[in-house]
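The residues making up each chain are set out below.
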Amino acid sequence: MRLPLPSWMDIFVMPIINILAAFFVAGLIIAAIGENPFRVLAVMVKGAFIYKGALGYTLFYTTNFIFTGLAVAVAFHAMLFNIGGEGQALMGGLGIGFVALGLGGVLPPLLVVMLAVPIAAGFGAAWGSIPGWLQAKRGSHIVITTIMFNFIAASIMVWLLAGMLMAPGQMSPETSRFAEGVHLAQIHHIAGALGIPMARSPLNLSFFIGIAALIGVWVLIWRTRLGYIIRATGHSEKAAIYAGYNPQKTIIITMAISGGLAGLMATNEILGVQGRVVLNFTAGYGFTGIAVALMGRNHPFGILLASLLFGALYQGGAEIDFEFQTITREMVLMIQGLIILFSGALALMFHPMMERFYYYIKSRKGEAPHG
Amino acid sequence: MAELWLQSLLVLDATLRVATPLILCAMAGIFSERAGIIDIALEGKMLLSAFAAASVAALYGAPFLALSTAILTSMLFSLLHGFASITHRGNQVISGLAINILASGLTITLGIALFAQGGQTPYLTAQARFSDITLPFAESARAIPIIGTIYAEVISGHNLLVWLALLAVAVTGFVLYRTSFGLRLRAAGEKPEAVDTAGVSVVRIRYQAVLIAGVLCGIAGAYLSVAHGAGFVREMTAGKGYIALAAMIFGHWRPLPALFACLMFGFLEAIAARLQGVEIIGLGAIPTDLILALPYVLTVILLAGFIGRATPPGAIGQAYIKER
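Protein sequence lines, in the order shown, are assigned to chains Z and D.
Residue 370 in my numbering sits at position 370 of the first sequence; the count goes up by one each step and never skips.
Residue 1134 in my numbering sits at position 134 of the second sequence; the count goes up by one each step and never skips.
Please note that a few of the clues may not be correct.
[Unchecked claim] Below 30 Å or equal to it, Euclidean Cα-Cα: the simulated DSSO-like pairs (lysine-lysine) are:
1. Z:K238 with Z:K249
2. Z:K238 with Z:K137
3. D:K1191 with Z:K238
4. D:K1322 with D:K1191
5. Z:K238 with D:K1322
6. Z:K137 with D:K1322
Since the hints were derived computationally from the structure, they do not count as laboratory data.
Could you build the full structure based on these sequences and the hints that come with them?
Structural data, given as structure tokens:
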């Protein structure tokens, strides 16, 4: 018998227990390697928040995870599992490349940037909606098709960046630099112009696009008709049909929105930092989005918190490389795997234990459990 | 002409070498998925076992000990997958994904801690690896045209694990379609209630299936690092587990068609390697990157039902809840 827990326990206590379990196992592995887990934690916290410019880097990574986390979450609301964030973000980057390289010298830089941002979303949306269409109209499983689309996108990128888009006279597979001014301003530059001294970091205006996306998704899912249809389709496709909604259309639209959000991740990396299209700039952030969405319970506020945690993990992980001989930043990947395991696949493992604990405390207070 | 013939034979030889891990993983996937458990962790289990095999081979120089360790490692993570998705009825895709990401991080972290070579294992000497087996009379057969050259170039000169992979296909076919265990396993993936009604435990069968999948992924991993390769390199599976998954789907979750899909995908990879930098007059360089993407494209097209239809096992991805 599974007894219900009060919602505050479900929403706050259970995720924290699952994360602690993941950190506990990670700590055991670190201890087995022969390092002190608490020292590692201290170095990571310092690296993520305390050193000069650290917070900027943490928020820079956070921005990536906000986009990819939201992408996974929106699809989850329609019960679609979008593993294709990597590919959709790559396509977003490609879209930025086309606009920035094609129009960079022709139009004013500001206009190019204003075009490039929606194009990034558009390319991601297109790449996401194809698996959506295949699921809706042809019945192919979205998990498998989005995995395949990641690889196809990666191949297209290699083909283009090592071929027709490769910068002349270059040996590495990347495009030429974008024209002067075609980038999203970095926050420390803006602060500097306003007379506020701030340490250098790659944090740029995409962060605010990310915050806008968080709010936008909240409005979309809980305050609009489309959001209602998405959730209804996710809860019960039959009920959605009975209510007069077309689930096929909903699946395609949801995947387009999801892919568009993943595509926006490219604005942070390509327009914010690189200033050209490079290979593999997604670096697994699309997959991290799954962990972020699971931890954040598919709610924008939860996703913000989870993105901050992962931003801190990535930035703190970079610090590990400097401080330790035997462990490196790849340890963060291990922690990420453990978090997906505990807060995703084993999400309910600690549930019975917490039930017993909760109702034991309750009965001690002399209140009988309801139901 | 003779040169072209030799070149084609070398491509076929390379095809078999490249296809071996795909074949083993595809059979692993068939066992797991025919029992109703989605296994996208083929990639991760193969990576973990490749690392385990290379580490043991580097430390003790014993290939068979390396193979056994690889199999045990892979089975351990199969158990974890089973624990999450069978016992705790967690999402099977998420569990598999977690294992894949965990594998990437864990192999590099442990590799640096053990060998301090940036995540690689030391280069393995011939004694520590499975060496190529030259079949009897291979050299003298070379003189016989066609059949003799095929024997010498394509059939001879493979290591033990290549043969084990081909054997695995026959065994998979036999177990699935000719034994009562296979019948129960397939039933657990199509109609678990029926298995339950017959008084057989669905949970037990599914655990057995994922463990067999673990064994096969373990062999595949050992093949990569101590037979085909000479040591572990970070991320050395490089998506092979996903290609195997595609091959399994392409083969409609059946051993023999999956074998042919693996050989076809292996052939594409072998031919792409040969065509690297080759130019066709008037068309320019052959886009080998796009040839390498063909397995994924073809799988998408097949799944969409444009060339036949691939129907997955009926109860795949669903945890079984026993009726009370």
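Comparing the hints with the structure gives:
1. Z:K238 with Z:K249: Answer holds: K238 (chain Z) to K249 (chain Z) is near 14 Å, not above 30 Å.
2. Z:K238 with Z:K137: OK: K238 (chain Z) and K137 (chain Z) at ~16 Å, within 30 Å.
3. D:K1191 with Z:K238: 22 Å, holds
4. D:K1322 with D:K1191: Roughly 12 Å separates the two Cα atoms, so the pair holds.
5. Z:K238 with D:K1322: 25 Å, holds
6. Z:K137 with D:K1322: Answer violated: K137 (chain Z) to K1322 (chain D) is near 33 Å, above 30 Å.
The structure does not agree with numbered hint 6 stated previously, though it agrees with all others.
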